[in-house]
Each structure stands twice: as structure tokens, then as C-alpha cells.
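Undergrad: These are the residues of each chain, in order.
Number of protein chains: 2
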Amino acid sequence: MGGQAAVMKQVVIVGAGFAGLNAAKRLRDERALAITIIDRENHHLFQPLLYQVAMAGLSPADIAVPIRSVFAGDANVRVVKAEVQSVDTDSRKVRTDSGDFTYDYLLLACGAQHTYFGNEHWEPYAPGLKTLSQATEIRYRVLEAFEAAEKESDPEKRRRLLTFVVVGGGPTGVELAGAIGEMSRYTLARDFRQIDPRQTRVILVEAGPRILPSFDERLAARAMRDLESLGVQTWTGARVTDVTPEGVTIGNERIAAATVLWAAGVRASDVGRSLKDATLDEAGRVIVDEYLNIPGRPEVFVAGDMSRALDENGRPLPGVALVAMQQGIYVAQTIKADLRGKPRRPFRYHDLGQMATIGRSRAISEFGRLRLTGLIAWWFWLLVHIYRLSGFRNRLSVLIQWAWSYWTFGRGARLIVGKHWRSYNV
Amino acid sequence: MGGQAAVMKQVVIVGAGFAGLNAAKRLRDERALAITIIDRENHHLFQPLLYQVAMAGLSPADIAVPIRSVFAGDANVRVVKAEVQSVDTDSRKVRTDSGDFTYDYLLLACGAQHTYFGNEHWEPYAPGLKTLSQATEIRYRVLEAFEAAEKESDPEKRRRLLTFVVVGGGPTGVELAGAIGEMSRYTLARDFRQIDPRQTRVILVEAGPRILPSFDERLAARAMRDLESLGVQTWTGARVTDVTPEGVTIGNERIAAATVLWAAGVRASDVGRSLKDATLDEAGRVIVDEYLNIPGRPEVFVAGDMSRALDENGRPLPGVALVAMQQGIYVAQTIKADLRGKPRRPFRYHDLGQMATIGRSRAISEFGRLRLTGLIAWWFWLLVHIYRLSGFRNRLSVLIQWAWSYWTFGRGARLIVGKHWRSYNV
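First to last, the protein sequences are chains X and P.
Just so you know, we're using our numbering here: the first sequence kicks off at 1 and counts up by one.
Just so you know, we're using our numbering here: the second sequence kicks off at 1 and counts up by one.
Hints listed in this document are in silico derivations from the structure and should not be mistaken for laboratory results.
Errors might be hidden in some of the hints.
[To be verified] Keeping only pairs whose Cα atoms sit at most 25 Å apart, straight-line, the calculated SDA-like set for lysine to any residue is:
id	chain 1	residue 1	chain 2	residue 2
1	P	K151	X	D100
2	P	K130	X	E144
3	X	K157	P	D270
4	P	K93	P	L317
5	P	K9	P	T115
6	P	K276	P	L317
7	X	K157	P	D100
8	X	K157	P	T96
9	X	K151	P	D97
10	X	K151	P	Q10
11	P	K151	X	R28
12	X	K151	P	D270
13	P	K93	X	R28
14	P	K25	P	G319
15	P	K151	X	R92
16	X	K151	P	L317
17	P	K93	P	E120
18	X	K151	P	N76
19	X	K151	P	D100
20	X	K93	P	R95
Let's have the full structure, built from the sequences with the hints guiding it.
TA: Right under this line is the structure:
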């Protein structure tokens, strides 16, 4: 054998989200590695801003970057657009719809999708928000509801068209509800002649006792008041029992609503099920040790929303972008340590806080003991998100569109594209 | 009757393209008019840049503006998203899928669509480029062809995937072919590992003796050389005899091509057929007099691509944006003259020239006797198009994206969005 460096080690990364992308970026300069990134989409998505695409504030291209272009200059990085079917940890193979890929190291970071808790048939009537195509679908539904209401003469039908229900009081639900409230009160206020969009009903439904349970209680209360000022009613302790094309049932109460959006609960990617050495938790997440490995497989890492790792206090880490990013970087560091014969160190999450926005110029932020609300929190949120966007062009474009929206209350991407074509988006 | 001003006259404008939008903009300050704009889309489209959306250089929101937002401040302008079914000139009614609209003045400006000259079954295999959804469909097909080629091991199949045929040698065909050539030679050159996108075959097929027949012969020859330098082969005198999922047949020669785009010939909107007083030409265009009226109906105007008007020399005016814009403005002036009891003047087209781009930094422009080629023509094209874009935000955003693409050869909107959703776009 001609020395270690001559034998290229195969690193396969499944999923180019925050975990996968950050791992690959930190491994690409290792000459001893051949890296294969497998994703079913051709783009990395900046998911924290996906609700802005759904709410017509940004275009898909503003928050997504082609994976290939990120690694265009790295000859040792290959990008494959394929769907993973299973992983065989004995033969070290990833099986996809476009062939098998053998690995020396594997990072599984396939993320999560929405779950309807056994009522998956609700999905067509209450789409979730995880992909660009879902975001454009939601945008279509929201804008089309206002158009249909403008043409409707029956007051009851019109009321149903102008009722929007968002299920789930986490950050995504709060951001969606706040954006619909703001859109109807400001952006669309003068656009219609038959209806007054300010009469729009937006209901945020949360099964638990309060919204934003991961935040400090006072911040969550402030967010609720901010939502109220945008016309959003918050119903806590309210469990959805049925969703139909006509609307949603909460307990025994039926709400006629043309648009229902789902932001309530996630389930990890199904790829984890094929790992015969691994245990899954109740949300389908792969339980990993402090090295993000599954039992007996130090060459297999699972990170991001599809894994369940614990913090120092034994609590599961939240499914947020910051955890995924840090885990991706950690996996790269661990593989590099192996290559250099150094010992591995356990993963440690550095909690940098959390944020949520409520419409234009309101937000709540929590950084350790520091808590911000209102305009300052919003500016902070804006800066952090623009800074984090991957790619200079996106940052600048998003900044300009936000500045423009901010001053004009306009939403430039307020487009409905017809059904004339079978339809691919973006 | 309480004086003329007290009786609101109903102006119905069908189609918010260049003709309809410009007419409405110039009529909105007339207190004596109630204006209804009917369009099946919710946006006005800057069609001269549509090929940039198809080629992933721009996002849909960059070249489209919601019609409602243009007229948000005008209480006398109503926007209806509806599909027109027919026009009854006797009862002065426009029938739509959302009810009837009565007019005192009618402007029909519904544009045109592609025609396959009796072979409409070719459309699924050779989409045209008239709407945003067609543009995103074409973008999907082109990007997906490269992805599929990267995964294909059979050299013949791979060659088919990397063969692109553009049918029609007018400005749109030239711009599409040039953009594919440029994308493969620059933008995507380093993105793939198994294929070399520079091996891409791009064939521009034109049935006539030369491309760009409306341009000066020397300019067209220069455009052809520019296309060649981007790897585009131009086949003139070549008539398409069949299009199938496998490719295209030209005369007796079959070309295996995964992607065929149609830019060859247009047919006016079907709305004209319902005008019983009017005569249509062979392309379905409504023949109008020098006041853009149909016979005996001074209250009915037909403008833009769906009308056939003549210039001073008796030649039909071309179906370009500038004609439509000037006609829209003319119709507004005519209605205003009527309101003030002034005589009507015939329409006169002011020819401001024509332009076409060939990839990055090459173009041809013709302004009377002034003819420009190369980089100067391209800068001129850029300035004119940015200036003409409706809405400040779009202009700025497009400018930045172009500047970015120009320096980096990147195409920011290079996104493929999956089929997971039924799919509406943008």
C-alpha cells in the first residue's frame, strides 16, 4: 500500500441542508477525501426565511443556492441529485434511485418533514412549509383566496375565503400568521374594491397552553400581543380534530376557512428507518451518542433534524438551523481528526439563542439572559439572517427587497402563476 | 341628466400587457371614467426579459408586477382576475367566467400565443415562451437535462440529453439559443464531474433563408457569428416536420434531443373570434382601421399582438412591445379626446428601433440608420430594458442580478423545484 494519502477515502453526505453543507464546506480542502453529496433537490435552502417566500416577500432564488455552484471549484466534491432509498451499514453502501454509493464515512442529514399525527390525509387541505414548492403552493393559496373573495357575492362564502387558520404556535406558525395579518392590513389594504382585506380573520391554533413554548414566557406573551395588533387571534389549548376542504374543526367547533396552513410537529426523514443498528425516538429521529454516531458504527454520523442528540443536561437538542450547522462542522472536524490520528472529542452545542419575527418591525430574541422585543429585536433578527444567508448575491438582493418592502409595505413577489403548465416552480 | 361629469363612463380593458397597462395608466386620472381591467393572470409581465427567467438568470418576480398594486391608489380602477369567453358588441358586454361586464369603451389587448401550424400535439415536447409558468417549465427542463446527463452512463443517451434544439430564428429563438450556449460554456462549465457541459449541442432551426429576418442582413450575419462563438449551430432553410418525446425531425433528418423549445410563430388570442363585426387575418389577428377600431364600432379598440394595424406604407406593424405600448397610449388619448368633444386622430407608430441579445455582452441594435453590434449594443440593450421595467424595485433587483451574473458568470436562479406538490410556480 502506497501510504495513506494515496488511498482516497470516500465521504458520502446525504442531504445538503445546514448540517450537510457545512460538513462538506469544511472537508473540501482535504486532499485525502473524495466527497459525494446526495440530495433530491438541486439547491441548498435557507429554511429560516422560507415563510417569506410563502408570504410573497422574497423569491425562491433569494433563499436558495444551487449545491453544484457552491462546490464548482472543488474537483474532489461530486454532487448527485438522487433520492436515497436505504443504507446498508454492513457493506457500507447508500442505495439510491440512481445507483449505489460506497462510503468510508457517512453523514446522514436528511432533515424532517411535517407530520399530521396519523391524519396524513389532511395534508392536501393544510400544507406544511418545508420545501420551495410548498412555499410557492402556500403563496398561491393565500393570494388566490383574496382574488376569489373579491369576486364572491355571498357574504358567508366570502367570509370563509377571508379566514386563514395556521395550526401550530411555534416560530414558523407565529411567523406565518403574523405575515398574513400584516399582508392583509397593509400590503393588500388598497388593492381590492369589493372586499376590505383588513376584515381578514387570521387564527393561530396551538394545542399547548401557550405559543412559542421554547421561549421565555414574557417574550411569548409579548409576541401574542404583537400578533393581536396585526389582527391575529391566538387560540391556545385548542386541538385540531379534523381538516376538510371546507375548513378545520377545533374540538367540536367548525371554522369555515379556505386556507389552512400546517406548522404543527415534524417527523424525521424515513431514511433513518433503514439503519438496522439504530434506535429511533417517537418522532422518527435517529438516537445518536455524543459523537453523533449510531451504536458500533463510528463511521456513520447522523446530524440535524433527523438525529436526536442530547445537551449537557440530557435534554434533546432542538431541531433548529444552529444545531444542524454546528453538528455539520463537528462531523467535519471529527473526520479530520481521524485522518490525522487524533482522538475524537464529544459534540458540544453552543446555544446562541433563538428568535422569531412578527410581521414588519416586530420580533422577539433570546440570547442567554439577554431578551429583546419590538423594533430592536427585529433589526437584530434582520442582521443575523442576512449575515447567515449563503452567498453574496442573495444577501444583497434580500436586503434590497426588504428595504423596499419596509418602506412601501409592498410585497414584490405577489404573483399567481397559472395552472396552464404541469408545473415546476421557482 | 345632471351634466356630463355625473355620468361615469365604463371603460373595460381586457389584458394587462403593454397595451392594456399603458392605456389604463393614462386613463386613471379621468374622474368621468370607471375602469375595469380584466386579466386571467394577476400580474403584468415584462415579456422582453421572459427568456432570462427561462434561462435562470432572473426570478419571476423580477419581471412581473401585480396588476392590483399598479392601481392600488386609483379608486376608479377595478382589477378582475377572470378569463374572457366572448364579446357581444351589440349589447356592449364582455362575458367572462366570473360574470358579464358592460362597457362604454372597450380595449381588447389579449396578446398572442404560440402556434404549431396545425401540429398542436407537439406542444408538450416543445414548449413555447409566453407566460411565467412556461418560463419556469423551460428552466426546469434545461437544468434537469444536465442533471440527467450527469447520471447517464450510455454515451448515446447522454448525447441526446445534452442536445438542445430551439425552433425559430426570431429574436426570442436567438436569445434562448444564445443563453443555453452561454450557460453550458460558462455558468455550468465547472459544476459537473461526469459530463463536460461545454460538449452541449445547441441547434437553432429556422425555416426561412436566414435568422432575424426583421433585422438588417449584416446585423443578422453578425448575430449568427456571435451564436457560433457560443457553440450554437444555426440551421437555416430547415423545416421541422415532427416533434416527439425523443427529439425533432428536420426534413428527413432525425435529431435525438431531450429538450426542444418552440419560438416559431404566433397566433392571436381566441377572443377576437367572438367579434362578429370584425375580420381576422391568417394569424387570427383582428384587422383594425387607423383608429384601431373594428368596422362600425368606434367604441371598440383592439391593440397589441392580437390586432393587425398598418403603418404609413400599408405594411402590418410587428408584434413587439413598443407597438403595443404606443397603441395603448393612443387608445387612452382617443378616449380622452372623445370626452372633451375633440376630433380623433389616426394612430401613427413611431419606430424606435429593435434589438436582440446573444448571451453575455453581445447584442445587435438597429435605430433607423444607426446600427450597433457587440458590447456597445449590449450595454444599450441593458440600459433600455432596465429603464423600461415597470417598477423601481424590479429595476434595482434586476440590475444587481445582472451585474452579479456579469462578473461571476453565475445564474442565481438556477433552481429545480420538485414535483412533490401539484404545483403552482413563481
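Undergrad: Is the Cα-Cα distance between X:K151 and P:D100 25 Å or less?
TA: holds, 12 Å
Undergrad: Holds or violated: P:K276 with P:L317, Cα cutoff 25 Å?
TA: Given that 25 Å is the threshold and the Cα spacing comes to 23 Å, the pair holds.
Undergrad: Given the hinted pair X:K151 and P:N76, is their alpha-carbon gap at most 25 Å?
TA: holds, 17 Å
Undergrad: Straight-line Cα separation of X:K151 and P:Q10 no greater than 25 Å?
TA: With a Cα-Cα distance of about 18 Å, the restraint between X:K151 and P:Q10 holds, given a limit of 25 Å.
Undergrad: For the pair we were handed, P:K151 and X:R28, check the Cα-Cα distance against 25 Å.
TA: Holds - the C-alpha atoms of X:R28 and P:K151 are around 22 Å apart, at most 25 Å.
Undergrad: Quick one, are X:K157 and P:D270 close enough, alpha carbons at most 25 Å?
TA: The given pair, whose Cα atoms are some 32 Å apart, is violated under the 25 Å limit.
Undergrad: Hint check: X:K151 vs P:L317, CA-CA at most 25 Å. Holds or violated?
TA: violated, 37 Å
Undergrad: Taking only the CA atoms, is the gap from P:K93 to X:R28 under or equal to 25 Å?
TA: violated, 66 Å
Undergrad: Measure nothing beyond the straight line between the CA atoms of P:K151 and X:D100; if it is 25 Å or shorter, mark the hint as holding.
TA: holds, 12 Å
Undergrad: For the pair supplied as a hint, P:K9 and P:T115, confirm whether the alpha-carbon distance does not exceed 25 Å.
TA: violated, 37 Å
Undergrad: Keeping to a limit of 25 Å between CA atoms, is the pair of X:K157 and P:D100 held or broken?
TA: holds, 20 Å
Undergrad: Do the alpha carbons of X:K151 and P:D97 lie within 25 Å of each other, as the hint requires?
TA: holds, 11 Å
Hints 3, 4, 5, 13, 16, 17 and 20 from the list above are not met by this structure, while the remaining hints are.
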